[in-house]
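Participant: Sequence:
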Amino acid sequence: MSSPTSTVEKGIRRRLPPPLNRMGLFEPYIKDGKKITEIVRLNPVEVFLAGFIPPMFGSVSAIAIALIFHNDEISNYNWQCGRARLPSLSRIINLPVERTFWQLFLLFHVPIRVVELITGFSRYKRMRNVNYKRVWLYELSRYLYFVVGLLELIFLSGLSIIGERENIQVHVIFFYVFGICGIVHMISNIFCHAHSLYYLNPYGRLSYYLKILFTSLYVLSTPILIASFLLYWRKCITWAYDVFALCEYSGVFLNICFHGCAFFDIRYKVTFSVRKIEDAVQNEPTKQQQVEAIPEKH
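Each residue of the sequence shown is one higher than the one before, starting from 1 at the first, in UniProt numbering.
Derived DSS-like pairs: lysine-lysine, alpha-carbon spacing no greater than 30 angstroms straight-line:
1. K276 <-> K35
2. K269 <-> K35
3. K34 <-> K276
4. K125 <-> K35
5. K276 <-> K125
6. K125 <-> K34
7. K269 <-> K133
8. K31 <-> K276
9. K31 <-> K269
10. K31 <-> K125
11. K269 <-> K125
12. K269 <-> K34
Beta-carbon label-pair distances, calculated as ranges:
13. K34 <-> A227: 53 to 59 angstroms
14. R83 <-> N43: 45 to 51 angstroms
15. W136 <-> R267: 26 to 32 angstroms
16. L200 <-> T37: 30 to 36 angstroms
17. K34 <-> E164: 49 to 55 angstroms
Calculated directly from the structure, the hints in this document are not laboratory data.
Virtual Cβ for every residue (Gly too), placed ideally from N, Cα, C.
Input sequences plus hints: build the corresponding full structure.
Facilitator: Following this line, the structure appears as structure tokens:
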């Protein structure tokens with residue numbers, strides 16, 4: 001009789017990951033004719049924090065400094081319909097100190113967000129739920145997630161660099177296009193999440209429901225923002241401008257919190273590493289391990 005094998009199928013070779021060295025990195029190994037050497041490995045949680053904390057700190061700092069220390073300066077405008085209590089975000093980042101905090105920390109996280117987008121775009125392809133049959137719709141959402149996500153970062157950078165004092169028309173256009181891109185990116189992200197293995201526990205469903213919550217609040221705040229803006233400038237209702245400013249503040253925080261859900265998407269699931277890939281030299285010794293086929297026993 002043949003003995004059952006639980007780890008290796010009979011007659012099939014399987015490659016195991018190469019062993020780790022004392023630095024916790026993979027030993028050089030050969031795959032598809034290429035020699036792969038791992039140079040450095042990054043903790044995914046640390047990468048996430050580097051992309052989440054700076055924009056949160058920069059936005060909170062800019063708003064807090066403006067309201068506490070520069071309240072007179074941001075309120076000393078030619079108010080057409082009466083002086084409002086809260087300034088818009090555009091006026092806050094127009095001040096020198098607040099602008100420094102905003103640009104320094106918001107722009108710092110942009111490259112890390114690009115890495116997040118590339119990682120998500122690649123992993124969503126590999127982790128699609130095979131039971132979902134509308135592959136074309138899933139792929140469309142995956143590309144929207146990536147392309148619109150990049151546009152969101154471009155317009156965020158644009159509105160941070162080009163403020164009211166440089167060109168108010170361009171700044172306003174960038175601000176609203178950034179908001180539209182944010183909504184499209186969030187919806188496409190949720191759709192891909194729902195139809196991929198990201199949805200699985202332990203953190204998949206928690207991340208999914210948090211994304212829906214933040215996106216719903218973000219979308220609901222948009223008509224309130226537009227309506228309050230029109231009420232102030234066309235009907236001269238003073239308190240409407242305060243509502244408009246609060247919608248701007250909350251929109252920024254909701255956007256950051258939505259992207260903060262990436263913590264649950266990458267924790268225990270992703271490893272970031274930098275590897276050197278070169279052509280393998282024939283007969284070069286490596287520490288690659290293989291499991292040979294287990295012969296049948298009779």
